[in-house]
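Starting from the structure of chain C, add chains D, Z and B where the hints point.
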Amino acid sequence: MLRVEGLSKRFGGIVAAYGVNLEVHPGEILGVIGPNGAGKSTLLNLLSGLLRPDAGRIEFLGEEITQAPPEVRTWKGLGRAFQIVQPFPEMSVWENLMVGALYGKPGTGLKQAQRVVEEVIALTGLAPKAQTPAGELTLLEDKRLELARALATRPKLLLLDEVMAGLRPAEALEAVELIRRIRASGVTVVFIEHLMPVVQALADRVVVMDYGQVIALGHYDEVAANPRVREAYLGRAR
Amino acid sequence: MIAAAILLLALLLPSLPLGEWRAFLLDTAQFAFLTSALALAWDLLARSGQLSLAHGAFFGLGAYAAALSAPALGTLPALLAGGLVAALASFLLGLATLRLHGMYFAIATLAFSEVMRTLVLKAQFTGGSIGLPVQPAFSGAFPLGSYYLAVAVLALSAGVSLLLSRGRWHYAMAATRQGEAVARVLGVPVVRVKLLTFGLSAFLGGLVGGVYAMKTLFLSPYDAFGLGRAVEALVVPIFGGLYTTSGPLLGGLIIVGLETWLRLRIGEGYLVIYGLVLILAILFLPRGLVGLFRKGVGRA
Amino acid sequence: MKKLWVVLVTLLAGLSLAQTTLRVGVLLPISTVAGKAALNGVQLGAEQVNASGKVRMELVVVDDGNAPATAVPALTKLMTVDRVDIVIGGLASGVTFALSGPVKQYQPLFLCIGAASSVVEQAFSDYGRFFHYHPWDYHNVAAALEFFKYLYDNGARRVAILYEDGPFGSAGIQTYRQQLERQGYTVQAEPFKSGSGSFTAILTRLKAFRPDILYWIGYDVDALPIAAQTRQVGLEPKLIYGAPPAWPVGFEKNSLSNDIAGMTAWLPSVANAESRRFVTLYRRKFGEVTDEYMAPMGYVIALSLGRAAEAAGSSDKDRIAAELAKVQMDTPFGPLSFKPSDTGRTRYQGFNQSIWLQFQYLEGSRRPVFPPNRAARPLRFPGNY
Amino acid sequence: MELLLQTLINGVLAAGIYALVASGLALAVGVVGIVNFAHGEFTMLGAFIAYLLFVGSGLDPLVSLGLAALVLFLVGSLTYYGLIRPVLGAPELNQMLLTFGLSVALQNLALLLFGANTRVVSPPYQGSTIHLLGLSFGVVPFASFVLSVVLLGGLYWFLGRTRLGLAVRAVAQNRLAPGLLGIEKERIYLLAFGLSAALAGVAGVMLSVILYASPTVGFAYTLKAFAIIVMAGLGNLGGVVPAAVALALAEALVSTYLPGGGGWVEAVFFLVIFATLTWRSWRAA
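So the protein sequences, as listed, match chains C, D, Z and B.
When we follow full-length UniProt numbering, the leftmost residue of the first sequence carries the number 1, and every step to the right adds one.
When we follow full-length UniProt numbering, the leftmost residue of the second sequence carries the number 1, and every step to the right adds one.
When we follow full-length UniProt numbering, the leftmost residue of the third sequence carries the number 1, and every step to the right adds one.
When we follow full-length UniProt numbering, the leftmost residue of the fourth sequence carries the number 1, and every step to the right adds one.
The following block holds chain C by itself, in its conformation from the complex (with noise of 0.2 Å):
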């Protein structure tokens, strides 16, 4: 579904991605971890377009998408929520989700948008905050807006930035529960994740990058058991 081929993106002296190769089959939800500054979130602001590769391409459902804008990338299918959440906060949530479903897909109209947006505000249980402007939101609230406004573009593949970053636990899982049910409901994921215990629970199979490298590749406790994994979470004092 999505095909990666030696991605690289460097700032300045410092190497941000490598040579990534990397494939997401339809319908998996893939884990993305790493200790901080391997690259993860760089990765994601390159398959969403906020950054351009310095070499490598991208191929989303056999188009290439290498030097397409963001906007772009969102029409065909590829969503993102961000990791720290950025609601437009002048607008109600209501508004805010208006954002994503009348511009996710072109020639959306306002009826249609509406009822994207009914649907997304049930699924995500905001509908007693519809009207409440986005600054004044909690931090889960937030998150789940985060998460709303990227469904509202009707992705086909949803990439997550740390969603569950600063979540109590009982919080999280019912975030769990949430990614579960939009994969079931046909989408695609790929997360980033500090947690582990989230990462064992959801992920499919996990990427594991390093140094802007991707070190391995695989089944949780296959990658998890791996050397060079474990060598590059404990061997070095970060």
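There could be a bad hint or two in this list.
Here are the simulated lysine to any residue pairs, SDA-like style, with alpha carbons at most 20 Å apart [as the list claims (entries may be wrong)]: (1) LYS149(Z) x SER118(Z); (2) LYS253(Z) x TYR125(B); (3) LYS326(Z) x GLU310(Z); (4) LYS149(Z) x LYS326(Z); (5) LYS111(C) x ARG168(D); (6) LYS207(Z) x PRO259(B).
The following label-pair restraints were derived from C-beta to C-beta distances [to be verified]: (7) ILE266(D) x ARG115(C): 24 to 34 Å; (8) VAL191(D) x LEU140(C): 28 to 38 Å; (9) VAL191(D) x GLY12(C): 21 to 31 Å.
Just so you know, the hints here were simulated from the structure itself, not pulled from any lab data.
Because the structure is a prediction, the values reported are computed rather than measured.
Every residue, glycine too, gets a C-beta built ideally from N, C-alpha and C.
Coordinates of chains D, Z and B only, in the frame set by chain C:
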């Protein structure tokens, strides 16, 4: 509502029994309409997160283009030409400044205005620093011609502003303003939104300049491209209420009205009071004049 | 009893006949130095007229804001609300040009105090009630050129012109260049932005040209920076000659002003009876002496209007205009009378190049040095900068 | 060669004034995050203080420097308490309108009190020049340049080396959550805004010697100062002098080498800014 009422009043003003104040009121109102229209144009651009200091330049470009083409084209096509020239300039400016935000954007647009002014100052066909005499609207055939042109430009600006404050465009502009990167990832065609609002806003600014030229009958680079005009275009919407239609509309009328009234009342030093009023307005009406009417929470 | 009434009524009628009441609109940029001075002058003049008892002048003062967008409605208000028939105003050229439309619409008697640009002359060329007191820009050029001819005769050969790039500085620049070259000068002209305060770079450029005369056309804000930086660059011209509309307050007390020459229409030290009278009256009313020639200009306009109204014995604008056209009077600037302008475009032109005089800052005050018949001191040439 | 050297000197010296006016502005924007449109009017107050003291009691403007700084520090503090503090949380545009209102009010108050006249001070060294190897340096512009470098250097030292300065920087970098060393954000803002006004006062005194004192004296240089701090990068005090030098050099080169270049100075100044800002924004992508 407020907008419609003001426009209706503007249309009917010449036929109201105003007595001896009629001519003065019509003249003052005409300049106030132009101020409001320019403010509406500025606000349009601000909605997409672009704080322009170039509206003096759009005004000036429109004014000069209209003035220069009026003898050949006639009044209405000349005004249109003025708007188009301003829009074209804004398109080029917009392309260059796509990635600038906040103060950086503001200063870049300020720089653009200053360069434009110098070009007009140095050019021969613009009359240079001496200035350019302008034909009256419709060659002076209708005494109220330029008044109704001002009303028309105001109505057009208000109409565009109203149209873009609802529906798809409202969401696209507000999203671009409040988080450009996020908006792109949500599928908002940010580049198109920015350039289009830039072009529309500059087009309206250019129209305002054209009508102004046909009223004052004389243009000089320091007047037409004045920084004061760019600042006024920014002050009025903040005073009236940002990202609304009635805000800049009402704001322009009240600011010009207040300034005129103070000048007639106090004379020397009236601008001290004017400055104090602006300060008090910000301290006590943080959401502008329209904040008085709308008690609801933060609408985008 | 009846008789007494008749007498009273006749008396009153006689009085009202003898005293003509004029409502006069005054439209000036009162927040600028020149505008304020002009207003003071007009008020002083009106007071004098009223004191004579034959004519009563009521002034309706409005600020023109020094901007077309303010001036046009302000004129409209004077004409329709205050219902004046006579307007004194038109100081800045751009504003005056913008007023040409409404003036033609409302047809007042328009007594123009400034607006030297010949663009304005064109705008009012078909308007019969336009009395322009101030010389036109070509008069200014002619006056300066006379002075340059004198300097040429005294050995000056090279002129560097610094002119501000607004309408004030740029208007006559081509004429200056041609005329100076015709007189035999070598000319180099450079524009600058008024108020920028940085002249060293341009002056450094001029250094290679080795000018005898540094002639600058700008504003009061440029006077001190040019004087200081000419020295700092080591340009050493034989004369710094400036033509701003006004000079900085207290500039004569600054040692850098020494030997700088300039052109003005009037100085408080001008030795004619009318000028002395004006200075005395002005000091009595405002408690100070003014350097601004716009003050006596306003004063002269008010006085001449009073005289014309007295002669007309009526407040009718056309009868006053007819009398004004015939006025012959002495003023602080010298004799005033109206003739068609040199270009023939307007019919009533008051002063011409003969009112301009050249002065030099010498020992802490401005002294007339040219033309010779009005000079109080000989010109110090070469000066020391 | 000599012409080129002299031109470079002219440019560098002119940069001194720019940097002086810009330094206070940079501090207010960098630390408090306030775009202060009234900065030019603070400068104007400094110029008038120098003028009044000179005319009233013959005080040399150099002596007035300290006094002007002190008075303006008070003015700045009062402004902070009365006007800035209430709008710290408000949108940037509201803050701009507020300081714009203050600017209009102050400028016209000065107009009312002193009239629109241009006024000059006359210290004996005003036109003095140092001649060296066939090159000339105006004493006052040179002093302004040194002053601006010293003041900015001092500020830099203060922010980088002192406890209080480090606290200021901490506050500047994270406006929402200071809670640092018990020093209140409030007091730091007050200090920074006061200092910013004091710097404006110092610049104003120098302007009164180089240019003049009038209600509008602050305007011309403040506009350029805004452009300079933006080119330097908001909050980057170290970039102010280089940006000022680059721009002033461009101006000097154009006016010296281009016939009629004096009329293009403004355009070149702003063209350089425009090109730098846009080029930087595209390169960063």
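Structure-based check of all given hints:
1. LYS149(Z) x SER118(Z): With a Cα-Cα distance of about 24 Å, the restraint between LYS149(Z) and SER118(Z) is violated, given a limit of 20 Å.
2. LYS253(Z) x TYR125(B): Distance ~14 Å between LYS253(Z) and TYR125(B) Cα, so the pair holds.
3. LYS326(Z) x GLU310(Z): holds (13 Å)
4. LYS149(Z) x LYS326(Z): violated (34 Å)
5. LYS111(C) x ARG168(D): holds (11 Å)
6. LYS207(Z) x PRO259(B): This hinted pair holds, its Cα atoms lying about 13 Å apart.
7. ILE266(D) x ARG115(C): 24 to 34 Å: This hint is violated: roughly 59 Å between Cβ atoms.
8. VAL191(D) x LEU140(C): 28 to 38 Å: holds (34 Å)
9. VAL191(D) x GLY12(C): 21 to 31 Å: Holds - the Cβ-Cβ distance for VAL191(D) and GLY12(C), about 27 Å, lies within 21 to 31 Å.
Checked against the numbered hints above, the structure breaks hints 1, 4 and 7 and satisfies the rest.
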